[in-house]
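Q: If you're matching them up, the sequences are chains D and Y in order.
Counted from 1, the first sequence has number 5 at position 1 by the numbering used here; the numbering is strictly sequential.
Counted from 1, the second sequence has number 1455 at position 19 by the numbering used here; the numbering is strictly sequential.
Misleading hints may appear alongside valid ones.
Said to hold, decoys possible - Label pairs and their in silico Cβ distance ranges:
hint: 1; chain 1: D; residue 1: Lys74; chain 2: Y; residue 2: Ala1492; range: 15 to 25 angstroms
hint: 2; chain 1: D; residue 1: Arg46; chain 2: Y; residue 2: Gly1663; range: 37 to 47 angstroms
hint: 3; chain 1: Y; residue 1: Glu1817; chain 2: D; residue 2: Ser59; range: 43 to 53 angstroms
hint: 4; chain 1: Y; residue 1: Glu1501; chain 2: D; residue 2: Thr43; range: 41 to 51 angstroms
hint: 5; chain 1: D; residue 1: Pro22; chain 2: Y; residue 2: Glu1817; range: 36 to 46 angstroms
hint: 6; chain 1: Y; residue 1: Arg1786; chain 2: D; residue 2: Glu61; range: 17 to 27 angstroms
hint: 7; chain 1: D; residue 1: Glu60; chain 2: Y; residue 2: Arg1786; range: 26 to 36 angstroms
hint: 8; chain 1: D; residue 1: Pro22; chain 2: Y; residue 2: Gly1540; range: 38 to 48 angstroms
hint: 9; chain 1: Y; residue 1: Glu1607; chain 2: D; residue 2: Glu61; range: 27 to 37 angstroms
What the hints contain is simulated information worked out from the structure, not anything from laboratory work.
Note that this is a predicted model, so its numbers are computed, not measured.
Glycine included, each C-beta is placed from N, C-alpha and C at the ideal position.
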Amino acid sequence: MAQTCYVCHGPDGRSGGPVASLAGLPREHIVRQMTEFRTGRRPGTVMNRIARSYSEEQIGAIAEFIATLK
Amino acid sequence: MAATRRFVLGMAGAAAALGTIGRPALAQGAAGKVVVIGAGFGGATTARYLRRANAALDVTVVEREERFITCPFSNCVIAGFRHMEQITHGFDGLRKAGVNVVKGEAAGVDPAARTVTLGDGSRLSWDRLVLSPGIDLNFTGLPGYSEAAAEMMPHAWKPGAQTLLLRRQLEAMPDGGTFIVCPPANPFRCPPGPYERVSVVAWYFRNNKPKSKILVFDAKDSFSKQGLFQAAWESEFPGMITWVAGRDGGKVESVDAGAMAVTTAFGVQKGAVVNVIPPQRAGAIAHAAGVAAENGWCPVNPATFASTRVPGVYVVGDAAIAGAMPKSGSAANTQGKVVAAAIVDSLAGRSPAPPALFNVCYSLVTPDYGISVADVYQVNEKGITPTPDAGGVSVRTPTALNERKLEADYTYNWYTNITADIWG
């Protein structure tokens, strides 16, 4: 599921552009950012729309996978 | 029905999908031979992610061109702020990933013998076949339009010589000329593409030929990101662009390339430059292989993208009927990842994990003004549908975040990252 993130965040979560790299980010950080996007606490352009598509459990699973990226 | 039960597994299913993705390579078991037709967004992604998931797989991509030119960003070439080399990608990245790249054109498929025949008569055998042929233009779909007519009224809907032809025509057009764009009915490749093209050409006109006009004769009554595009046309290029909906007489009945004229219910309109985007269908090999339906596109199982018509064959990208997913590069990229996982599971005798399907389509209005639509899809007995109360288009009224500029930056970022994911 988290491999879909690579479209904007780069292959294996390593971005070649201004959008953040995900590789190396801890699970808790991803969960917090995604939850804040989802609830609107963190303003966003694209990620707020995307984050609303995922349940808390799915966000946890995505974060779990991203935390394995080196 | 087992499939239905699988869909309601919800989170358990998503975790299972992650399990598949997270498992180390080589631990996947079953080897096999996979042939992929086409090294574009769908095919190259599939090939690469097959090798990532299981390095024991023998993966061959058949591609007729030496290098792949992307449709995304070809509008930037037409508007003069990108060069062809910047949208052209070689296949060394695929080769480095252990994919065999064969130059050739697939001519036929024998599903019983599990072989594909190439144009030179050679034959490749497969355990699983993936077709990612993209689109063919239907030159008989619009009276007066033909391959010869396209030399005068370019479609520029397959990038390359056509892209450069349209660019040259716009450069040669005198200030005050009329540029006519004729988008087709649904479904077609890149739903926001014609309107992005209108936008960035208007930007080019504003800077270089400000007295020029753009007339859009549309077969449709509505289009992708319409509210955002039309608001941008008004604020960025006031008075330059006229869009005529199909129901208001926008549907093109015929074209006359010699006269550079387009006939609609309104009568005959001449343009200095005319861009005709004709109706489309799945690439020829999909029809030869028997996976295309009467409507010209390929029905697939929405969870695996396996053809519903021919066993052992999968279809990804523009050629597939993918429910609510648009025919886009992002969609083909995530579909390729789904197909790769489904093939690995199928060769190992496992039932497929739930698919993760996503799309984002960025469009540029000017080089500094971007908009987007993004959706995460659900797959269930209704097929592929967007997640309710989520996703969708950019904010209607920009805030202090400066969304339009940010999304322009994200558009370039997307191109860099998705092309690295596929061909890098």
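Q: The structure should be examined with respect to each hint, and the outcome stated for every one.
A: Checked hints:
At about 23 angstroms, the beta-carbon gap between Lys74(D) and Ala1492(Y) stays in the expected band of 15 to 25 angstroms. Checked against the given bound of 37 to 47 angstroms, the beta carbons of Arg46(D) and Gly1663(Y), roughly 25 angstroms apart, lie outside it. Checked against the hint of 43 to 53 angstroms, the C-beta distance between Glu1817(Y) and Ser59(D) comes to roughly 20 angstroms, which is inconsistent with it. At about 47 angstroms, the beta-carbon gap between Glu1501(Y) and Thr43(D) stays in the expected band of 41 to 51 angstroms.
Taking the beta carbon of each, Pro22(D) and Glu1817(Y) are about 40 angstroms apart, inside 36 to 46 angstroms as hinted. One distance hint, 17 to 27 angstroms for the beta-carbon pair Arg1786(Y) and Glu61(D), holds here, with the actual separation near 22 angstroms. As the Cβ distance of Glu60(D) to Arg1786(Y) is approximately 28 angstroms, the hint placing it in 26 to 36 angstroms holds. Against the hinted window of 38 to 48 angstroms, the Cβ-Cβ separation of Pro22(D) and Gly1540(Y) comes to about 39 angstroms, which satisfies the hint.
Taken as a hint, the range 27 to 37 angstroms is violated for the pair Glu1607(Y) and Glu61(D), whose Cβ atoms sit roughly 54 angstroms apart.
In this structure, the hints that do not hold are numbers 2, 3, 9, in rising order.
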